[in-house]
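2 protein chains.
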Amino acid sequence: MEKFVNSDFKLGIITGGQLGKMLIQEASKWDLTSYVLDTAEDCPAGKLASKVFIGDYKDYDAVYNFGKQVDILTFEIEHVNIQAVKQLKAEGHKIIPDPDILELIQDKGLQKEFYQNHNLPTSPFQLYESKEKIIEAIDSGKITQAFVQKSRKGGYDGRGVAVISDLNNHEEILNGPSLVEEKVDIDKEIAVIVARNQQGQVKCYPVVEMTFDPKANLVDKLICPAQISQEQTNQAIVLATKIAELLDMQGLLAVEIFVDKKGQLQINEVAPRPHNSGHHTIESVVTSQFEQHLRAVLNLPLGSTELKLPSVMINIVGNPGYTGPVKYQGLEECLAIDGVKIHLYGKKITKPYRKMGHSTILAKSLEQALTNSEKVKNLIKVIS
Amino acid sequence: MEKFVNSDFKLGIITGGQLGKMLIQEASKWDLTSYVLDTAEDCPAGKLASKVFIGDYKDYDAVYNFGKQVDILTFEIEHVNIQAVKQLKAEGHKIIPDPDILELIQDKGLQKEFYQNHNLPTSPFQLYESKEKIIEAIDSGKITQAFVQKSRKGGYDGRGVAVISDLNNHEEILNGPSLVEEKVDIDKEIAVIVARNQQGQVKCYPVVEMTFDPKANLVDKLICPAQISQEQTNQAIVLATKIAELLDMQGLLAVEIFVDKKGQLQINEVAPRPHNSGHHTIESVVTSQFEQHLRAVLNLPLGSTELKLPSVMINIVGNPGYTGPVKYQGLEECLAIDGVKIHLYGKKITKPYRKMGHSTILAKSLEQALTNSEKVKNLIKVIS
Chain A
39 MEKFVNSDFK
49 LGIITGGQLG
59 KMLIQEASKW
69 DLTSYVLDTA
79 EDCPAGKLAS
89 KVFIGDYKDY
99 DAVYNFGKQV
109 DILTFEIEHV
119 NIQAVKQLKA
129 EGHKIIPDPD
139 ILELIQDKGL
149 QKEFYQNHNL
159 PTSPFQLYES
169 KEKIIEAIDS
179 GKITQAFVQK
189 SRKGGYDGRG
199 VAVISDLNNH
209 EEILNGPSLV
219 EEKVDIDKEI
229 AVIVARNQQG
239 QVKCYPVVEM
249 TFDPKANLVD
259 KLICPAQISQ
269 EQTNQAIVLA
279 TKIAELLDMQ
289 GLLAVEIFVD
299 KKGQLQINEV
309 APRPHNSGHH
319 TIESVVTSQF
329 EQHLRAVLNL
339 PLGSTELKLP
349 SVMINIVGNP
359 GYTGPVKYQG
369 LEECLAIDGV
379 KIHLYGKKIT
389 KPYRKMGHST
399 ILAKSLEQAL
409 TNSEKVKNLI
419 KVIS
Chain B
39 MEKFVNSDFK
49 LGIITGGQLG
59 KMLIQEASKW
69 DLTSYVLDTA
79 EDCPAGKLAS
89 KVFIGDYKDY
99 DAVYNFGKQV
109 DILTFEIEHV
119 NIQAVKQLKA
129 EGHKIIPDPD
139 ILELIQDKGL
149 QKEFYQNHNL
159 PTSPFQLYES
169 KEKIIEAIDS
179 GKITQAFVQK
189 SRKGGYDGRG
199 VAVISDLNNH
209 EEILNGPSLV
219 EEKVDIDKEI
229 AVIVARNQQG
239 QVKCYPVVEM
249 TFDPKANLVD
259 KLICPAQISQ
269 EQTNQAIVLA
279 TKIAELLDMQ
289 GLLAVEIFVD
299 KKGQLQINEV
309 APRPHNSGHH
319 TIESVVTSQF
329 EQHLRAVLNL
339 PLGSTELKLP
349 SVMINIVGNP
359 GYTGPVKYQG
369 LEECLAIDGV
379 KIHLYGKKIT
389 KPYRKMGHST
399 ILAKSLEQAL
409 TNSEKVKNLI
419 KVIS
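Read top to bottom, the protein sequences are chains A and B. First residue of the first sequence? That's 39 in my numbering, and the numbers climb one at a time after it. First residue of the second sequence? That's 39 in my numbering, and the numbers climb one at a time after it.
If you're looking for bench data, these hints aren't it; they were derived computationally from the structure. In this text the structure is predicted, and so the values were computed from the model without any measurement. Check before you lean on any hint, since a few could be wrong.
No copy labels: a pair is met if it fits in one copy or bridges any two.
List time: in silico DSSO-like cross-link candidates among lysine-lysine, alpha-carbon distance up to 30 Å [to be verified]:
(1) Lys365 <-> Lys41
(2) Lys386 <-> Lys402
(3) Lys365 <-> Lys132
(4) Lys300 <-> Lys419
(5) Lys402 <-> Lys346
(6) Lys393 <-> Lys415
(7) Lys67 <-> Lys300
(8) Lys89 <-> Lys365
(9) Lys280 <-> Lys253
(10) Lys48 <-> Lys419
(11) Lys389 <-> Lys67
(12) Lys346 <-> Lys67
(13) Lys48 <-> Lys386
(14) Lys389 <-> Lys346
(15) Lys48 <-> Lys365
(16) Lys132 <-> Lys226
(17) Lys67 <-> Lys386
(18) Lys191 <-> Lys419
(19) Lys132 <-> Lys386
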């Protein structure tokens, strides 16, 4: 660590959203200098970053030029211009996670093939080049059942995913290369964040259970620890560790897993970065996911992932029907509830279901945290 | 809270040291805009503050002009120009804590009289106008025993305090108005931080025990919870609450207390702000002292002060013999110990015993935290 704090070391983060902001909050505890690449000076991380470079994460020149300015480059989003980070790596720059991992994870088709090649449990799938090829497969009787379609690239927060229940209705089928998978008969969705440093040290976070708001196609509550069996918990941790090791991962890897109605675990997808399902760790775990990402990225010893208190996390999202300069309601009432923590990301404009902040609700028992989180959910309104 | 986050509300903080920095780290979670007054642009809080105003906290114009720029003015140091904050208050500006409280606490003589007037336990004392008057009192036989002398104003971190053991040696006696008090036969030193908002809601933090490094005259370890009896704990909390209520305090009040060899509590002194003895709360308590100060200053409901894990805090101070651009050693080894958190304030220059950062050591048992804190203390070196 001395080499980072005793020098003019610069950490580069692509991009400056809420994950970048929370990463810089942790980095500031060690007095690290953080540079951010984002399209907007007033992005959430903008107020805290030492410097904001304006540019698009999908643009070769923006990413390449930014990477040249910093000592280690890391990410809050995996959909970065891959040629630029490969070129930076070729020139000897430190890119964490490795561009090869980013490239694999960017493409949900390659991700699924990776699980298949390593005999890791995931739902059966086929790859298609286009919407037309999927329609052909339906017409030829190759696809006979309702399915989930996922764009191979660029999906995020529920975008790039279509659930096709009626095979005769082609309207909802997405354009472009995609994968088609069987609808898993889901009992629960869980997530495990695993951290790994260059020396191969691995630490797993307690398993989190995610409940979904079917309307918004967004996480409703994140419950930690997950209400699953000890055996399922162990299996999830083994899976996450195995993926991180097979990828030779450095940094954080968030692994989203389905538990099907038979109690079997199936890998959904992974993200090579701090993750929405780890926000609660800021207050509920000895080492937050953001501090852990820094430790892993800087190849420092990883920190304890011991749970301090059970917690529930809810995203604070824009209420439907409002688009414009954001206004919050109900925050004060929430703060009157013991164990309620509020994080506002500083986004200026609200949109329906846009992630504007989050609240972590701590309590001595998970039951109490769940009860209080329901109150918080009903109290907070994000309008314009 | 909505009135702060839905507007262009500005929080003003005098000054931008480590307490200011950690206050802004909390404020950024609510996306509050923080302005800082400090003599140096590159003060610890400088990297995070929305704006740094250059000026001296003892200077009337600097404080007055800064106060005019912000919506609520608060402090990390109580020795602020009192005329300026009184004038701001007279003009209707929000100053928290109240200038009258700052004025009382700035003057250790007035503080002692306050305890005396309210029958609060504190060691007997006399006030003296000058060093000469003290020497007169020694010569005339009015002072007959070894004593502790404290400058009435400006003392901080062990400065402005003299322990006079040899009444014939006048060299160590401080100049200027001071108070002379009997040396308390100290068994332990403890501290309680109490928070109070405008509505009179009060929350006390768990009592902390401070052990001192006799060489540096600085805190060595801060141990939470304090290893004292339940009765002493209750007494300390009652005392702290009483002082906060008598002062009609808004904000945080840190109360330092001696436990004498007979087990009796005696108030040492108070500070109306976040305090060194509360740094551990960032990781070990549900609501950190910094979040609590924000809640109290903004007149929001106060948060839970429940302890999540036992903790020990040690200051990371400049090693004696080094003055110059700072270099840290041993940090990485510390991070390898479970539950060790490192905070570096970002001061560029180290000096002997200068507070450069702190480490909080969390563990399931206080014994383990104490063992690990001893390792951390021996590992970290701050040199130049």
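Structure-based check of each hint:
no.: 1; hint: Lys365 <-> Lys41; result: between (43 Å within a copy, 10 Å between copies)
no.: 2; hint: Lys386 <-> Lys402; result: neither (35 Å within a copy, 41 Å between copies)
no.: 3; hint: Lys365 <-> Lys132; result: between (40 Å within a copy, 24 Å between copies)
no.: 4; hint: Lys300 <-> Lys419; result: neither (38 Å within a copy, 56 Å between copies)
no.: 5; hint: Lys402 <-> Lys346; result: both (9 Å within a copy, 9 Å between copies)
no.: 6; hint: Lys393 <-> Lys415; result: within (14 Å within a copy, 42 Å between copies)
no.: 7; hint: Lys67 <-> Lys300; result: neither (45 Å within a copy, 41 Å between copies)
no.: 8; hint: Lys89 <-> Lys365; result: both (27 Å within a copy, 24 Å between copies)
no.: 9; hint: Lys280 <-> Lys253; result: neither (34 Å within a copy, 52 Å between copies)
no.: 10; hint: Lys48 <-> Lys419; result: between (38 Å within a copy, 23 Å between copies)
no.: 11; hint: Lys389 <-> Lys67; result: between (32 Å within a copy, 21 Å between copies)
no.: 12; hint: Lys346 <-> Lys67; result: both (20 Å within a copy, 20 Å between copies)
no.: 13; hint: Lys48 <-> Lys386; result: both (28 Å within a copy, 16 Å between copies)
no.: 14; hint: Lys389 <-> Lys346; result: neither (34 Å within a copy, 36 Å between copies)
no.: 15; hint: Lys48 <-> Lys365; result: between (35 Å within a copy, 17 Å between copies)
no.: 16; hint: Lys132 <-> Lys226; result: neither (38 Å within a copy, 50 Å between copies)
no.: 17; hint: Lys67 <-> Lys386; result: both (26 Å within a copy, 15 Å between copies)
no.: 18; hint: Lys191 <-> Lys419; result: neither (33 Å within a copy, 48 Å between copies)
no.: 19; hint: Lys132 <-> Lys386; result: between (33 Å within a copy, 27 Å between copies)
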